[in-house]
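Residues in the sequence shown are numbered from 17 upward in steps of one, following my numbering.
It should be emphasised that the hints constitute simulated quantities derived from the structure, not laboratory data.
Keeping only pairs whose Cα atoms sit at most 25 Å apart, straight-line, the calculated DSS-like set for lysine-lysine is: (1) K296 to K281; (2) K195 to K357; (3) K195 to K296; (4) K357 to K296; (5) K281 to K256; (6) K127 to K319; (7) K117 to K127; (8) K195 to K281; (9) K256 to K195; (10) K256 to K296.
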Amino acid sequence: MKKRTLALILAVMMCVGLLAACGGDSSSEPASTPAASTPADSSAPADESTPDSTAGGEFAATMITDVGGINDESFNQSAWTGMEQLASELGVNTSFIESTKDADYAPNLEKALDASNDIIWGIGFMMKDAVAETAEANPDQLYALVDEYWEDGDLPNAIGVMFMAEQSSFLAGYAAGLKTETDHVGLVLGMESPVMDRFTNGWNAGVLYAANERGVDIRNDYVVAETFGDPAIGKAMAQKMYTDGADIVYSVAGYTGTGCIEAAKELDKWVIGVDMDQNKLAPDNVIASGLKNVGVGVYEVTKRVMNGEALGGTTVWLGISEGGAGLATTGGHLGSEIEGKVADVQALIADGTIEVPYTAEMLHAFTAAS
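Throw the hints in and build the complete structure from the sequences for me.
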């Protein structure tokens with residue numbers, strides 16, 4: 017591969033509506049990961065105002081959303097698809113409680129505890145402190161937390177569920193680097209954290225991989241919204257990137273990211289979605305989506321608990337090989353040639369030929385070796 021320098025242009029960090037982020041260091045890799053399957057394709061319930069239940073059953077599972085809400089078309093909604101699959105396939109009594117602000121996490125966890133659930137899910141790393149506090153106070157209740165973990169054994173009644181989002185983001189960056197016509201792309205990130213760094217570093221590495229393959233320099237803008245719950249901020253940030261010359265923006269910002277998609281529609285530009293296949297939000301503009309199949313984790317971990325596995329105090333990891341990561345290309349906008357190349361690279365990631373960087377140090381080493 018011919019070595020080229022990728023221009024990683026760091027845009028001015030925009031700190032609007034700052035949310036307090038809670039989370040530990042999630043940079044260590046697992047020794048092994050469990051198998052997983054793809055959840056049923058279904059949408060979230062229409063009623064957003066109160067906890068909702070989908071099925072009766074002896075085993076009960078509930079999830080507490082982060083501030084994006086159940087219908088965020090992204091992270092929380094993906095988790096809910098796993099809950100729906102549990103209800104439809106295994107007869108689990110499933111429900112959710114929505115959070116609209118950080119202060120809702122603790123009381124919502126208490127509500128879930130009062131409802132006598134067998135497993136209580138926290139959706140998002142910002143909930144780590146609240147989950148830890150209630151888990152320590154209620155050692156007989158089992159909890160699971162998406163996108164964070166504790167050191168093995170530290171919290172015996174809590175399960176960490178981590179996703180190798182850097183793998184999906186590498187594929188997104190690689191596809192963008194092959195597709196761009198202006199050699200200028202950008203990333204809108206909801207918030208910086210060790211978990212979100214996986215998206216950023218994977219994306220940067222993928223763009224670099226494509227730039228080297230093509231023998232060009234690609235400008236890669238970067239901005240942080242500091243919120244997952246404000247589409248207006250996402251829209252403004254994407255508009256700025258598009259007017260500056262980017263023709264593809266990767267939206268990694270939950271509900272905030274739906275504003276990026278709206279900007280792409282209005283300006284007739286390309287955008288890459290995240291977490292779920294977001295093509296339906298703008299069929300002519302969403303050219304791909306970096307999948308973080310939270311629903312797979314919710315379904316598989318809950319199913320394993322139901323089958324008697326003692327997962328408390330451990331961390332479950334999900335990547336491409338386990339069905340937790342990938343790239344959706346609904347609409348065929350990438351074209352068959354690029355889709356074929358993406359599939360080839362995905363196979364190289366799955367078999368370990370390409371080790372995708374997920375920290376800044378790993379990205380530096382990846383760049384130096386490219």
